[in-house]
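Colleague: Since the structure of chain A is already known, use the hints to place chains B and C on it.
Residue numbers (our numbering), protein chains in the order written: chain A, 1 to 241; chain B, 1001 to 1205; chain C, 2001 to 2225.
In short, the hints are calculated from the structure, not lab data. Among the clues, some could well be false.
To be verified - Result set (EDC-like, lysine to aspartate or glutamate): computed pairs, CA atoms no more than 16 Å apart in a straight line:
| id | chain 1 | residue 1 | chain 2 | residue 2 |
| --- | --- | --- | --- | --- |
| 1 | A | K184 | A | E35 |
| 2 | C | K2093 | A | E81 |
| 3 | C | K2093 | A | E77 |
Note that the coordinates shown come from a computational prediction; the quantities given were computed from them, not determined experimentally.
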Amino acid sequence: MKDATEPLVHVTGLRKAFGAALVLDDVSLSVRAGEAVALLGANGAGKTTLLRILATLARPTRGTAVIAGFDCAREPERVRERVGLVAHGTLIYEDLTAEENLRFWRVLSGGQALAADLREALAAVELEPYAGERVRSFSAGMKRRLSLARVVLARPQVLLLDEPFAGLDQRGKKWLEEYLQAFKAGGGAIVMVTHSFGRQLSVADRIAILGGGRIALDRPRPSVTADELARLYALHTEEAP
Amino acid sequence: MWFSTGSRRLTRVLGWLAALGLLAGLVLALGVAPREVSQGDVQRIMYLHVPSILTAYLAFAIVLVASLGYLVSRRQAWDRWAGSAAEIGTLFTGLTLASGSLWGKPTWGTWYLMLRGMIDEAERRAQFAAVLGIVAALNIPLVHFSVLWWRTLHQPPTLLRPVPAALAGIFRFTLGVNWVAFTLLFAYLLAKRIRVGRLSEEGLP
Amino acid sequence: MRFVRRAWILAWKDLTIEWRAKETLNSLFFFALLLIFLFQFALGPDRERLSAALPGLLWLGFILSGLLGLGRTFAGERDNDCWDGLRLAPGEKSAIYVGKLAGNLLLMLAVEAIFLLLFGVFFDLDLVAALPGLALVVGLGTLGLAAVGTLFAAMTAHVRARELLFPVLVLPVEVPVLLGTVKATEAVLLGEPLGSVAHWLKLLAVANVIYLTIGVLTFDVVLDG
Chain A
1 MKDATEPLVH VTGLRKAFGA ALVLDDVSLS VRAGEAVALL GANGAGKTTL
51 LRILATLARP TRGTAVIAGF DCAREPERVR ERVGLVAHGT LIYEDLTAEE
101 NLRFWRVLSG GQALAADLRE ALAAVELEPY AGERVRSFSA GMKRRLSLAR
151 VVLARPQVLL LDEPFAGLDQ RGKKWLEEYL QAFKAGGGAI VMVTHSFGRQ
201 LSVADRIAIL GGGRIALDRP RPSVTADELA RLYALHTEEA P
Chain B
1001 MWFSTGSRRL TRVLGWLAAL GLLAGLVLAL GVAPREVSQG DVQRIMYLHV
1051 PSILTAYLAF AIVLVASLGY LVSRRQAWDR WAGSAAEIGT LFTGLTLASG
1101 SLWGKPTWGT WYLMLRGMID EAERRAQFAA VLGIVAALNI PLVHFSVLWW
1151 RTLHQPPTLL RPVPAALAGI FRFTLGVNWV AFTLLFAYLL AKRIRVGRLS
1201 EEGLP
Chain C
2001 MRFVRRAWIL AWKDLTIEWR AKETLNSLFF FALLLIFLFQ FALGPDRERL
2051 SAALPGLLWL GFILSGLLGL GRTFAGERDN DCWDGLRLAP GEKSAIYVGK
2101 LAGNLLLMLA VEAIFLLLFG VFFDLDLVAA LPGLALVVGL GTLGLAAVGT
2151 LFAAMTAHVR ARELLFPVLV LPVEVPVLLG TVKATEAVLL GEPLGSVAHW
2201 LKLLAVANVI YLTIGVLTFD VVLDG
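Okay, chain A solo, but in the shape it has when bound (with noise of 0.2 Å):
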C-alpha cells in the first residue's frame, strides 16, 4: 500500500459500457482498510461489472478504480496480488483433489504451498477430512467452501464477493460471517454484492444501492432499519435501465 491513509478501494467516474449498452454510468465509491460495503441492486445494475473491474478481469470505459494504491487498469499485477475475489465460477479442477486445487493456485500466484498451509485452509473451511478426494464427488455447498478456501490461503488485503452466502448450509454461512469479521478487524476491506436484505448485511458497515448506472445510495448500515432499506431498494432499482 503506498499510502496508509488513502481508502483500500477507491473508485471514481466509473462508467463500462458494452457497445451501445451502458451498463454503469459514473460510479464513485471508496472503501476503507476494516470495512465492508454491501453493494445492492436489481438484476442487470452492474454490480458484477463493477466487482470484475475491480478483480481487473474488465476495463473501465472511462474513470478509475484504485486497490490499494495501484490502479485496476495500469497496473494489473499489483491489484492481482491484493485481492480475493469470490464470484459465481468455483475456479475448481472436478478431476483435481481438494488439496490439489489449493496447491494449483497457491503455486500459480507464485506463493509457497506448504502442506500444513493447505491442511490448515481446509480445516478453515470444515474440508479437511476431504482433502484427498477428487473435488467431482462434492457436493455443491463443498465446492463453495473450497472455493473460499482458496481465497483464505492467499490473504489478500482487498475481498470482493459476489454472492458469498449463496449455497452454504447454516454451518457455513456462519463461519463465514466469522471469517469476514476476522478479515475486517485484520484491516482488510471488503466490497460484497448481495440480492438478500437478511442477517448477511450484518457483516456490512455499509449499504450502497446501484441503479441507474450510479451509487444511488451509501448509507451507514445501523441508520437503515429493515423497512426503510426494502423501500429504498424498490425506488432506486426502479430507476435501474
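Modeller: Just chains B and C, lined up with the frame of chain A:
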C-alpha cells in the same frame, strides 16, 4: 495519425497520381515495351505481377508495424491501420493469384480478415488480430524459403524468379513506372479505407 | 525460479487431469488406429507406394491428431470460470503459456509414439535404425506445431465456431514446419545422413524460435483479451 481532416486533399491528389501512373504503366507495358524474345507476350504479365507482389509485401509490413504499435500503445488507430492494410493487401495478392507463384500467401489476407470478422468486441478483435498479424508477417520469409526449397527438388521455379538480372532498360523502366503506380494506388485505397473505418467507428453512438 | 515453478504446476495440472480423465488420450488413440486402417485401404499392399507416401502420411496423422488435441487445450479452463482464475493469478502470464505448451508437447509426443508403433506393426516397418534421427525431426516439428497451436487455442477459446476456426488459423502458419518435417522425415527414413537436410532442420529451428518468442511475448494480451 496523419490522415486526418486536412489531408482529404492529399488523398485526392494521391488518387489522381495513381490513375495517371496506371495509365502510363499500361501504355508502356502493352504498347512501348518490346516483345520479350524467349517468353513472348506472356512475359508482359510481369508488369502486373511484380508490382502486385511488392505492394502486397508493403501491406504485410504495414500490418506488422501497426500490430506491434497496437500492442505497445493499445490505441485503436493502429488497429485500424492493420485491418485496412490487410484488406487492401488482400486485394493485391488477389492479382498475383493467377500465376500461383506466391503459393500459401494469397490466402494470407483472407485468413487474417476471417478472424477479424469473427470477433465482435472491438478491443478483443484488435488484440487477437495484432497477434495474428505478427505471426503471419514474420512467417512470410519462412513460407517463402520452404516453398522454394520444396519446389526446387521437383521442378525449378520458372515463372517467378525475382526480376531477371539482365533486364534491358525499357523493361526495367516499365516495371518501375508500374511499381510506383501500384504503390500510389495502394496508398490511395489505404487512406480511403482508414477514413471509412474511422467514420464508421466515430459516427456511431 | 518462480517462473519455472508456475509453468511446471500448470503442466502438472493439465497432465494429471488428462491422466485421470483420459479424454483426449483415448480419443486420439482410436483416431490413430482409424487413420492407419484408412491408409492401409488406400495404399494396398504395394510396398513402393508405401515408402514414397510414408513421410507424408505420418505427418498427416501427427498434424490431424495434434490439431484435435491442441484445440481442446483450453476446454477445461472454461468450466467453473478457471480461465478467470488464470488471469487473476499474479505473475507473468507467459509462464502459463510455457506450462500449457509443455503439457501439450508431452501429450502430442506420446500420441506420436503410439502412431509410430502402430505404423511399424501394421505396415511391417523397421523404424529402430531411423529412431534417433526421427526423434530429432519429430521433436522439432511437434514443437513448431504446439507453439503456434497453444497460442491460437487461447486466442480462439472464446470465439464462435472455434472448432472450425482453430485449424483454419493454424494450418497456413504451419506450412514451413510441415514442408520441412516431411522432407527431413523422408531423408531419415531413407537412411540418409541428417547433414543432407541440414537446411530444413535450421529452418525448423528458426521457425520454432520465432513462434516461441511471439508466444511468450504476446500471451498476456491473448489471455487478458
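Colleague: CA of K184 (chain A) to CA of E35 (chain A), is that 16 Å or under?
Modeller: holds (6 Å)
Colleague: Straight-line Cα separation of K2093 (chain C) and E81 (chain A) no greater than 16 Å?
Modeller: holds (14 Å)
Colleague: Between K2093 (chain C) and E77 (chain A), is the straight-line Cα distance small enough, at 16 Å or below?
Modeller: holds (10 Å)
Taken one by one, the earlier hints all hold for this structure without exception.
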